[in-house]
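Generate the whole structure from the sequences, applying the supplied hints.
Residue numbers for the sequence shown follow our numbering, so the first one is 1 and each next one is one higher.
Hints listed in this document are in silico derivations from the structure and should not be mistaken for laboratory results.
In this text the structure is predicted, and so the values were computed from the model without any measurement.
Beta carbons are placed, not taken as given, at the ideal position from N, Cα and C, and that holds for glycine.
In the DSSO-like style, the derived pairs of lysine-lysine whose C-alpha atoms are separated by at most 27 angstroms in a straight line are:
| id | residue 1 | residue 2 |
| --- | --- | --- |
| 1 | Lys16 | Lys30 |
| 2 | Lys29 | Lys16 |
| 3 | Lys21 | Lys39 |
| 4 | Lys29 | Lys39 |
| 5 | Lys39 | Lys27 |
| 6 | Lys16 | Lys27 |
| 7 | Lys39 | Lys16 |
Computed Cβ-Cβ distance ranges for the label pairs, DEER-style:
| id | residue 1 | residue 2 | range |
| --- | --- | --- | --- |
| 8 | Ile10 | Ser31 | 17 to 25 angstroms |
| 9 | Glu17 | Lys39 | 18 to 26 angstroms |
| 10 | Thr5 | Ser36 | 29 to 37 angstroms |
| 11 | Lys16 | Gly38 | 19 to 27 angstroms |
| 12 | Thr5 | Ala26 | 29 to 37 angstroms |
| 13 | Thr5 | Thr40 | 28 to 36 angstroms |
| 14 | Thr5 | Gly38 | 29 to 37 angstroms |
| 15 | Pro7 | Thr42 | 20 to 28 angstroms |
| 16 | Thr5 | Asn28 | 32 to 40 angstroms |
| 17 | Lys16 | Glu37 | 18 to 26 angstroms |
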Amino acid sequence: MSNSTAPVIIFDNSVKERIIKALGYAKNKKSELVDSEGKTITSQNFESISDSEFAGVYL
1 MSNSTAPVII FDNSVKERII KALGYAKNKK SELVDSEGKT ITSQNFESIS
51 DSEFAGVYL
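What follows is the structure, given as structure tokens:
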């Protein structure tokens, strides 16, 4: 994180699917998050983000 005062939203599995959908993302066959065009969503290190790793949003 470049700004330690920036908010981070963390959530549990009970709302994960709704948040993924609200962000406009879906899961591909590998359970990686993809956008509406099918492009893989990546971390700051350009690594794909799997459904099991998704637990928060850095704003």
